[in-house]
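Colleague: Residue numbers (this note's numbering), protein chains in the order written: chain A, 1 to 456; chain B, 1 to 666.
Hints were generated in silico from the structure; no laboratory data involved. As the structure is a prediction and not an experimental result, all values here were calculated from the model. Mixed in with the good hints, there may be bad ones.
Derived DMTMM-like pairs: lysine to aspartate or glutamate, alpha-carbon spacing no greater than 25 Å straight-line [as the list claims (entries may be wrong)]: (1) B:Lys-515 with A:Asp-197; (2) B:Lys-366 with A:Glu-374; (3) B:Lys-515 with A:Glu-386; (4) B:Lys-569 with B:Glu-494; (5) B:Lys-366 with A:Asp-376; (6) A:Lys-439 with B:Glu-655.
Counterexamples of contact, computed for chain B against chain A with all Cβ distances above 12 Å [unchecked claim]: (7) Ser-270; (8) Arg-382; (9) Asp-489.
Beta carbons: idealized from backbone N, C-alpha and C, even for Gly.
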Amino acid sequence: MWRSILACLLLLVAVGIVRNSVKASAGSSSLVYTVAKVYKPLAWMHGAERFPSGATIFVVDASGKHVLLPEFAATADPAIFFDGQHVLFAGKRKSDDPWQIWEVPLSDGKARQITSGTEDCIRPFYLPEDRVVYARKINGSFRIEAAGLAGRDVLVLTYGPANFIASDILRDGRILFEAGYPLGSDVAPEIYTVYSDGSGVESYRCDHAGLKGAQASARAHHAGRQITTGDIVFASEAGLSRFTSARAQAVAISAPTGEYAGDVAELPSGEWLLPWRRDSKAPLQLVLWNARSSSLRSLIETPDANVIQPVVLAAHAVPNRHPSGLHDWPDANLLCLNAYTSKYPFAEGSIHSVRVYARDKANNASLLGTASVEPDGSFFVHVPSEKALQIELLDSSGKTLKRESGFFWMRRGEQRVCVGCHAGPETAPENAVPQILLKSTTPADMTGKQSASGGR
Amino acid sequence: MPVRAKTRWPLRRSARSESQNSYQGTLLRMPTWTRNACGFSRWDSYGLLSAKLVGIASVVLFVIAARPAPKQSATAIREQYLSPIEMLLSPDGRRLYVVCESSNEVRVIELETRRLIGRISVGRFPRGIASSPDGRLLYVTNSWDDNVSVVDATAMKVVQTLPAGFEPTGVVVDRGGTTLYVANRLSSDISVIDLKSGREAKRLLAGRGASYLAASPDGKWIYCTHIYPDPGTFRTPPNSEITVVDTGRQIVVERKRLRNVAGVFHVAMSRDGKLGVAAQLRPKNLIPLAHVEHGWAFGDSLSLFGPDVGDVVQIPIDELDRYYALPWGVAIAPDKAKLFLTTAGSESVTVIDVARLLHSVKTRHKPFANDLSASAAYVIHRIPVGRNPRGALLSADGKQLYVANRLDDSISVIDTASDKLVSTIDLGGPKNIDAIRRGERLFFTADFAFQGQFGCSSCHIDATIDGLQWDLEPDGFGKDIVDNRSLEDLAGTEPFKWNGGNPDMPTECGPRTEKFFFRSHSFTEQQLTDLVTFVYSLPYRPNRYRLPNGELTPAQERGKAIFERTKAKNGTAIPEASRCGYCHSGPKFTNQHQIDVGTGKPTDRSPVIDVPQLPNVAYSAPYLHDGSAHSLEEIWTVFNPNDKHGVTNDLTKDELNDLIEYLKTL
Numbered sequence: 001m002w003r004s005i006l007a008c009l010l011l012l013v014a015v016g017i018v019r020n021s022v023k024a025s026a027g028s029s030s031l032v033y034t035v036a037k038v039y040k041p042l043a044w045m046h047g048a049e050r051f052p053s054g055a056t057i058f059v060v061d062a063s064g065k066h067v068l069l070p071e072f073a074a075t076a077d078p079a080i081f082f083d084g085q086h087v088l089f090a091g092k093r094k095s096d097d098p099w100q101i102w103e104v105p106l107s108d109g110k111a112r113q114i115t116s117g118t119e120d121c122i123r124p125f126y127l128p129e130d131r132v133v134y135a136r137k138i139n140g141s142f143r144i145e146a147a148g149l150a151g152r153d154v155l156v157l158t159y160g161p162a163n164f165i166a167s168d169i170l171r172d173g174r175i176l177f178e179a180g181y182p183l184g185s186d187v188a189p190e191i192y193t194v195y196s197d198g199s200g201v202e203s204y205r206c207d208h209a210g211l212k213g214a215q216a217s218a219r220a221h222h223a224g225r226q227i228t229t230g231d232i233v234f235a236s237e238a239g240l241s242r243f244t245s246a247r248a249q250a251v252a253i254s255a256p257t258g259e260y261a262g263d264v265a266e267l268p269s270g271e272w273l274l275p276w277r278r279d280s281k282a283p284l285q286l287v288l289w290n291a292r293s294s295s296l297r298s299l300i301e302t303p304d305a306n307v308i309q310p311v312v313l314a315a316h317a318v319p320n321r322h323p324s325g326l327h328d329w330p331d332a333n334l335l336c337l338n339a340y341t342s343k344y345p346f347a348e349g350s351i352h353s354v355r356v357y358a359r360d361k362a363n364n365a366s367l368l369g370t371a372s373v374e375p376d377g378s379f380f381v382h383v384p385s386e387k388a389l390q391i392e393l394l395d396s397s398g399k400t401l402k403r404e405s406g407f408f409w410m411r412r413g414e415q416r417v418c419v420g421c422h423a424g425p426e427t428a429p430e431n432a433v434p435q436i437l438l439k440s441t442t443p444a445d446m447t448g449k450q451s452a453s454g455g456r
Numbered sequence: 001m002p003v004r005a006k007t008r009w010p011l012r013r014s015a016r017s018e019s020q021n022s023y024q025g026t027l028l029r030m031p032t033w034t035r036n037a038c039g040f041s042r043w044d045s046y047g048l049l050s051a052k053l054v055g056i057a058s059v060v061l062f063v064i065a066a067r068p069a070p071k072q073s074a075t076a077i078r079e080q081y082l083s084p085i086e087m088l089l090s091p092d093g094r095r096l097y098v099v100c101e102s103s104n105e106v107r108v109i110e111l112e113t114r115r116l117i118g119r120i121s122v123g124r125f126p127r128g129i130a131s132s133p134d135g136r137l138l139y140v141t142n143s144w145d146d147n148v149s150v151v152d153a154t155a156m157k158v159v160q161t162l163p164a165g166f167e168p169t170g171v172v173v174d175r176g177g178t179t180l181y182v183a184n185r186l187s188s189d190i191s192v193i194d195l196k197s198g199r200e201a202k203r204l205l206a207g208r209g210a211s212y213l214a215a216s217p218d219g220k221w222i223y224c225t226h227i228y229p230d231p232g233t234f235r236t237p238p239n240s241e242i243t244v245v246d247t248g249r250q251i252v253v254e255r256k257r258l259r260n261v262a263g264v265f266h267v268a269m270s271r272d273g274k275l276g277v278a279a280q281l282r283p284k285n286l287i288p289l290a291h292v293e294h295g296w297a298f299g300d301s302l303s304l305f306g307p308d309v310g311d312v313v314q315i316p317i318d319e320l321d322r323y324y325a326l327p328w329g330v331a332i333a334p335d336k337a338k339l340f341l342t343t344a345g346s347e348s349v350t351v352i353d354v355a356r357l358l359h360s361v362k363t364r365h366k367p368f369a370n371d372l373s374a375s376a377a378y379v380i381h382r383i384p385v386g387r388n389p390r391g392a393l394l395s396a397d398g399k400q401l402y403v404a405n406r407l408d409d410s411i412s413v414i415d416t417a418s419d420k421l422v423s424t425i426d427l428g429g430p431k432n433i434d435a436i437r438r439g440e441r442l443f444f445t446a447d448f449a450f451q452g453q454f455g456c457s458s459c460h461i462d463a464t465i466d467g468l469q470w471d472l473e474p475d476g477f478g479k480d481i482v483d484n485r486s487l488e489d490l491a492g493t494e495p496f497k498w499n500g501g502n503p504d505m506p507t508e509c510g511p512r513t514e515k516f517f518f519r520s521h522s523f524t525e526q527q528l529t530d531l532v533t534f535v536y537s538l539p540y541r542p543n544r545y546r547l548p549n550g551e552l553t554p555a556q557e558r559g560k561a562i563f564e565r566t567k568a569k570n571g572t573a574i575p576e577a578s579r580c581g582y583c584h585s586g587p588k589f590t591n592q593h594q595i596d597v598g599t600g601k602p603t604d605r606s607p608v609i610d611v612p613q614l615p616n617v618a619y620s621a622p623y624l625h626d627g628s629a630h631s632l633e634e635i636w637t638v639f640n641p642n643d644k645h646g647v648t649n650d651l652t653k654d655e656l657n658d659l660i661e662y663l664k665t666l
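Hey, can you work out the whole structure from these sequences and the hints?
Modeller: The following block contains the structure:
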């Protein structure tokens, strides 16, 4: 109720007053967004700078349009706290500072630094229980970390030789993030999820199987955001696409033609606020689109700069907290129910054993060990945690049937079960005791330790 | 009129008002966190001094609050809720009869005015309703009285009571109005009652937990579904069945096997008789419950049967990121265009396009019950309704769907052309929602599990058991397999969990459930208190094995003597700790201790098992901590080779039967 009242009040005094640059009304909503002369949305995939000429967060509210923090040399990546009263952002006090994560209450404008370090921290989001998630550059690559609002209790959430960047926090509590597909490549970004304790990493959908070369590079899913319906809307080769709860494949959104940068913001009216441009020569501008309309309405544009990353300044629901079930063990256990359950065809009885590899920072693979695969396709391995791991299936002659093209990781003390090898999230498990557990409840050790720990 | 009931309050904290509980909950949180007016937790970085003061005060209060409080009883006002569960329309479509499980009555609604025009008192816990072909008589099953009330629909009065089996639930009348078929949940059979004589003519063996019935349109067949799986081999997939009765010969002619299915609920037939639909759960109890995503705990689904599909076909109704928990009530539109399904845990109605569904069935050549993307091809709407929707009933013309919202005491009315909720009929239940009812709502909702996949009642069906054994993750994969335990009258049976690892119910239902079951943000302190209050309020169901006069039969007497014996048959003394009544002592027949009775398995981390309570033990098969004993007899004949679980190897088969007869009376 109070939200509606606030919205009505704002409607009376707000938007439309933002000088010449604002061409339409965002209804009753106050906004923040970023303006950048140069915007390279996928530069993070190579650990590079997305805003080589800097960036500035603007606010449009009842008092008009203004720079969020004029004293900062650069600001970008705004996110709003659940009460709608605080802005989390990546910022630089001085132009030669690294990007760091800051928070500013809208009430007093006094920014408070959350992260510190000599390398960039970017793309922050709020998590429940006063924690934040962001990407930190370490040795030239971005990894995702979570930390308390005071910057302490840092927890690394992503592992392995790749660049990772968060794009939203889902209502179910998972972190939506982006990385190359397959993990470790830097060809095309894909959308993944991970729990806020770094466990359970997986791609959001597995509709990429079989894509190679040009097909794979043409496919770029990025800047995904969850909207009210629960769908994930993202920039894609089709312009805009969505993942729905009901379907295993991305669904193209028939929006007006042009280039979209993802990062959709949903207004209370149901309209979408989108960074868009007619073609690659034009700068991105913010447009409003109603799904029932065939045209876009320009909202904010700047002739010589990109207007991007719109976020509605309003209270919103707190995502579910993930109660971490990680055990106090140094390693992890992985159970596969049936390796034959896969998007790849395997002849019945053909899978004989499984190898597990670890990949180092230079992306070199080293064999951790080999375990047998039971006739029902099940195997159970005890693996090192927080390392890039890769699975390879072998036939009885030791010939490779399939090797994972990317990698995955498991957190310290994580116990995980897979339906199969690349089964896809649409495949629920069959209810049967895996034969490997009837044989032994002790996993095959891939850690090189004499006695594996955890659940043994 | 509120009913005053005495409620035991087993929590370690004393009973207090909701606001007091909330206050305490805040204090017990980390002291440097505050809660602002919007309810968003934030770290107060600017108020260190105040934070320190709050911290010191909180520590002091924490110490005070954390002192164990003595167990005590609290007297609570128990509202008399209605709990509508099933419905029936009068032949002219003007009246809606609503079976109210908690108020032991049928409420009569005049649909034109949406007015309550009658309240018919029936027996305890009524669960099913049917009418004579002319609509003059109603038949209402009374699940706790093991009988059927015959109601004069005009006078709105009970005119006769018919006998049935244990816990009668579903009921149908044959086309001629001469025979009543009643599904008996606890005796797992179907009573065939001759309406002319008012006597039970025969009893047909059904599957375990026989509960719901539907007749074919021509009246030749009765289909029966079951809320528990049939007994099966340990650690193999559960199976259920649709029992088919030939009404001409009054015999069971077919048992349609439902593979890997446990709870099955309503069953419905299309008007052309070519499509049968049963709502069901496909549990994933045999794989480690390591996470919830990807349908890891349950597959909410339907079984289709009949000429339209050939053999039984199972189809999923869930999605990849959203689940429609506890599919319960089913209704098929008269023209077979749509199928309506209530999902009791998800508080919604799923609408399925039958033509698209049949197209999927015909074009997909492999089973697809585990394909979470399949429902996109045939589910056309999800309509939010009230809490814990159960029965679904279509008007004769199929234009309106009525849904019984069991925990809202209301009926949702859905326009089936637009698939939109058009109105809600308030049945006139209490407006005050007490702690037990709040807890009941929490128990039956799937809101708290990750992506809404399941709730407490997915395993504790109708607050009982599911007859399944689960492989929980924290114990290790494939280890410490656990049977689902009964929830009846739990006060005084602590600790919980088969190894006795959870000292009290808040521990059992709180962090453990959140972390290792729901895998998602779960109950607040207040909600947990309400939930525990509800769980502790669950009474024993009536024991059907005791004689009305309280005496024991000769067999029960002999069994009692065996239970209490101090000497083996060869005259040697049985050590005190090996006597039945040593561990199974006290009012609940448990000494609340943990002991090794030799029933541990190689996959158990420890053979030490919590002594289970015994009242109503007949209802909770299978037995032992891991459910490996199919029957009470197997506890001794298979799993007690060394007389470690009481001295029983000197007993004959007849003597074991006597012992069982006695145990059933507890």
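Colleague: Against the structure shown, which of the earlier numbered hints fail to hold, in ascending order?
Modeller: 4, 6 and 8
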